[in-house]
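As a plain string of letters, each chain reads:
Protein chains: 2
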Amino acid sequence: SADTAHRLALAARSCGYELQTIGVPKTIDNDLPFTDHSPGYGSAARFLALATMDSTLNTVSIPWHYPVKVIETMGRDAGWLAASSALGKRHDNDPPHIILMPEHVFKADNFLKQVEAVYRSIGYVIVVASEAVRDEKGQPLGTARQTGEDAFQHPLLTGAAQHLVELVIQHLNLRARFEKPGDLQRMSSTCISRTDQDEAYLVGQAAIQALLQGESDKMVTLVRHTEPAYYCSTGLVELAKIANAQQLMPAHYLNENKTMVTQAFYDYALPLIGPSLPDHAKLEKTKVQL
Amino acid sequence: SADTAHRLALAARSCGYELQTIGVPKTIDNDLPFTDHSPGYGSAARFLALATMDSTLNTVSIPWHYPVKVIETMGRDAGWLAASSALGKRHDNDPPHIILMPEHVFKADNFLKQVEAVYRSIGYVIVVASEAVRDEKGQPLGTARQTGEDAFQHPLLTGAAQHLVELVIQHLNLRARFEKPGDLQRMSSTCISRTDQDEAYLVGQAAIQALLQGESDKMVTLVRHTEPAYYCSTGLVELAKIANAQQLMPAHYLNENKTMVTQAFYDYALPLIGPSLPDHAKLEKTKVQL
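Just so you know, the sequences run in chain order A and B. In this text, residue positions in the first sequence follow my numbering: the first is 86, and each later residue adds one. In this text, residue positions in the second sequence follow my numbering: the first is 86, and each later residue adds one.
Warning: the hint list may mix true and false statements.
Where chains are identical, the list cannot tell them apart; a pair therefore holds if satisfied intra-copy or between any two copies.
Claimed, not checked - In the PhoX-like style, the derived pairs of lysine-lysine whose C-alpha atoms are separated by at most 25 Å in a straight line are:
id	residue 1	residue 2
1	367	111
2	222	198
3	198	111
4	222	326
5	192	326
6	192	372
7	198	326
8	326	372
9	343	222
If you are wondering where the hints come from, they were derived from the structure by calculation, not from laboratory data. Here the structure is a predicted model, which is why all the values come from computation and not from measurement.
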């Protein structure tokens with residue numbers, strides 16, 4: 086981590102050991118400050134956008150089976166990954182319909198009202214929840230319900246998605262299920278963003294160049310340019326500024342009730358995930374008159 | 086289902102209603118008899134082969150974090166999907182190391198001995214378990230441990246993978262975690278097998294041709310040819326023979342202790358999943374002498 090790299094640089098300096106330390110950003114969580122984004126995020130975001138489009142087709146085609154589906158994403162305290170699930174959304178009715186972000190307190194009443202409204206409107210609801218969504222007491226969802234232990238006295242596994250499914254079943258009496266794409270978010274080779282891959286090489290090259298120029302105790306950053314089209318150059322920032330700091334989702338990337346992304350987020354994230362996402366064909370479902 | 090199609094054909098015949106019924110095979114479970122395989126299986130098998138290769142890289146690179154990982158697949162009573170997780174395996178040490186099939190009774194002692202042996206040999210263990218693996222009493226793994234209820238009096242969610250993880254933690258004192266790729270097995274657009282896609286069109290075309298030839302109460306089958314290279318033609322079989330029958334994994338597709346596939350399974354399944362799978366680069370981890 087940036088913190089470890091910084092400590093290493095300090096330790097080397099304090100004992101006069103000749104060591105240069107240059108960090109490179111790398112996290113699917115995209116929560117490092119001072120860099121426009123981090124290598125890893127673009128591919129994980131592409132995966133989640135595609136996984137949301139694909140894995141909800143079942144709900145969309147036979148909503149009466151399980152009209153409510155919750156997908157739980159990684160991302161720790163930052164909602165970048167949860168937000169990326171919307172990158173394949175073209176129309177209001179496309180999934181996801183509700184995104185629950187760790188940056189904003191979860192209120193069960195608001196959530197249930199919103200689920201019910203979407204269900205009444207289109208007959209099914211796709212919710213994406215970050216693993217770290219917290220309630221008004223600051224407790225991650227699901228931990229409050231770890232009332233039981235298994236046969237080995239381990240706390241029973243639960244989490245945000247399972248908690249939300251139970252809420253929906255209990256209060257709205259709708260069939261609901263959840264999914265956790267898990268480690269594939271971090272490692273799916275089928276969703277690598279070419280842009281992300283190129284930028285991973287770019288930050289590595291910049292780190293070597295910085296070392297050759299005698300720099301130390303710094304991290305490479307990605308600097309975004311938009312003219313004539315999206316591209317990144319690199320910069321350097323002191324590791325001390327990065328260590329233990331977090332870049333959360335800024336407020337203007339979310340709508341008023343904080344459960345859907347805005348055009349500003351699409352403008353930020355779409356260039357990072359590589360080629361345009363496919364658009365799944367939709368049948369018109371027109372009844373034939375004989 | 087084939088059963089529904091058959092009943093429909095019988096009902097139409099019994100009341101003299103002019104209706105032809107032709108079924109097409111379609112299931113990722115690959116458990117329909119009389120057809121060499123079913124459209125859907127090739128793509129789901131490709132997904133599971135790639136997902137196993139990809140999502141275990143974390144365990145392979147830092148095994149001390151979670152040395153045991155269990156991946157739970159779909160497949161109901163048939164192990165075709167669980168078996169497909171091995172299609173990217175080139176060497177004995179490549180994941181998966183143990184596959185638990187629904188066709189064979191799970192014995193905890195044998196399982197734990199095998200996990201321990203692999204762990205001692207290479208330092209980590211990847212297990213793939215079918216959702217329907219059963220113990221000696223015929224109970225699906227995990228159901229026996231549904232001792233608790235959540236705050237809403239629903240049985241706590243558990244399953245084969247969670248049960249296996251608990252066994253490993255309790256008896257071998259190894260850190261373990263599990264993953265369920267879930268609906269992505271059925272719907273990932275990023276892993277569509279070209280062969281599978283082509284054969285889906287083929288059975289659809291054959292169904293139309295059969296209808297035009299006046300056939301009814303039958304299902305299209307895929308018939309495999311291997312000369313000069315793999316290809317399929319189609320046949321027809323009576324729906325009555327298909328309805329409620331299951332094609333399980335034949336014994337010679339599994340090794341002696343029934344926890345790994347044989348070359349005969351690779352010969353069967355590899356043509357179905359489309360282009361060759363990638364081979365992830367491996368570092369030699371040679372220590373540099375200064």
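Checked hints:
Taking the closest pair of Cα atoms, residue 367 and residue 111 come within 25 Å of each other only across two copies (20 Å); inside a single copy the shortest separation is 37 Å, beyond that limit. Only within a single protomer do residue 222 and residue 198 lie at most 25 Å apart by alpha-carbon distance; the minimum there is 21 Å, versus 45 Å between protomers. In this homomeric assembly, residue 198 and residue 111 never come within 25 Å of each other (Cα to Cα): the closest approach is 38 Å inside a single copy and 38 Å across copies. Taking CA atoms no more than 25 Å apart as the test, residue 222 paired with residue 326 passes in neither setting, with 30 Å inside one copy and 60 Å between copies.
Taking identical chains as interchangeable, the C-alpha atoms of residue 192 and residue 326 are never at most 25 Å apart, the minima being 34 Å within one chain and 54 Å between chains. For the homomeric pair residue 192 and residue 372, neither the shortest alpha-carbon distance inside one copy (41 Å) nor that between copies (54 Å) is at most 25 Å. When the C-alpha separation of residue 198 and residue 326 is checked against a cutoff of 25 Å, the pair qualifies neither within a copy, at 41 Å, nor between copies, at 49 Å. For a Cα distance limit of 25 Å, the shortest separation of residue 326 from residue 372 qualifies neither inside one copy, at 62 Å, nor across copies, at 34 Å.
For the homomeric pair residue 343 and residue 222, the shortest alpha-carbon distance inside one copy (18 Å) is at most 25 Å, but the shortest distance between copies (50 Å) is not.
The earlier numbered hints that this structure contradicts are 3, 4, 5, 6, 7 and 8.
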